[in-house]
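S.K.: Note that the protein sequences, when read in sequence, are chains A and B.
Just so we're aligned, residue 0 is where the first sequence starts under numbering that gives the first Met the number 0, counting upward by one.
Just so we're aligned, residue 0 is where the second sequence starts under numbering that gives the first Met the number 0, counting upward by one.
Calculated from the structure, these hints are not laboratory results.
Every residue gets a Cβ at the ideal spot worked out from N, C-alpha and C, and that includes glycine.
Be careful, since some hints might not be right.
Facing chain B, a subset of chain A residues (Cβ under 8 Å, in silico) [claimed, not checked]:
1. Asn39
2. Leu43
3. Pro44
4. Ala46
5. Leu50
6. Val58
7. Leu98
Sample of chain A residues with no beta-carbon within 10 Å of chain B, all distances over it, derived [stated by the list, open to error]:
8. Trp3
9. Arg4
10. Ala10
11. Ala53
12. His69
13. Leu77
14. Met87
15. Leu120
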Amino acid sequence: MTTWRRSLLTASRLLLGGVFLYAGAIKAANVTAFAGQVANYQILPYAFNYLAAALLPYVEILCGVLLVIHWRMRPALLVLGGLNLVFMAALTSAMLRGLEIDCGCFDPSGTTGTSAGAALLRDLGLMVLIVMIWVLEEAGTRRRSGGARTV
Amino acid sequence: MPNLPTLLKEATALVVAGCLLGLVINHRLVWDAFSGRLDAAAAGADSVADLTVFPAPVLLDELQTLMAEEAVVVVDARPAELYARGHIPGAHSLPLLNPEEALATFRHTVPVDRSVVTYCSGYGCQDSFDLAMRLILAGYQDVRIYEGGLPEWQAAKLPVEGNEP
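Looking at chain A on its own, in the form it has when it is part of the complex:
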């Protein structure tokens, strides 16, 4: 892999890892407020909002850490990609139902106020980043080990 591609990969995975580490940490710090945000989407039954709020941040944190330390990147990217799709589906559903919700993604106390549309665009950007990192990682490892790869 060329030096600039390597730099791009490093910068991207640190950025993405950092984003999810931050998002996960800020939600983990305030689970009940985040549960309230999840409840606003009116998708899950009552207690499951709390369950989602309790579990999701730690999955994000774990994936963020893996990206930052550059270990088991592909599973982490897959999980983050999947999570992102779920978020985008939830946001789209909220928009279609005309729910005016504060995303709750990066600030569970809801003071920053991101509209569903803006959050959707942001998640799209993250998706692009995820795909790009995957492609770069693929290209890099193929060149390193001549094709045979586990993960």
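Since the structure of chain A is provided, determine the placement of chain B on it from the hints.
M.R.: Leaving out everything else, chain B in the frame of chain A:
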């Protein structure tokens, strides 16, 4: 292309690990949520972030019954101008934007053991929820949210008080 089964296995392991971590750290909250114990009033909470109880929603018919029995105090969370234009009959105005002063007056007139129902502009509006949390924080033990708000009330052709009913 990487080994797909291994990839999926590791991705699953990752999700499971994260979930277990979250479950262990938040086990009490999750248990309380599923055992219905989150209906207890929040005594001694310092901020909205500390509250572990969420106000329950109330449906239109139930609200009408409660109002007929004078069992609840209804509170409008919308700005004062909207309240003046039209509100649910008998509702107090507690605009979320300037809660402190109005809240102090409200607390003088309405004892904390009264049941309160908040509402605003309907299902998309979060203000009724936020106001309900503030009321719980202020010590009101039984706060509920009429999520349908004024739009549903008006759609049901119910009377509205105000300048432009």
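S.K.: Would you pick out the hints that fail for this structure and give their numbers low to high?
M.R.: 2, 3, 11, 13
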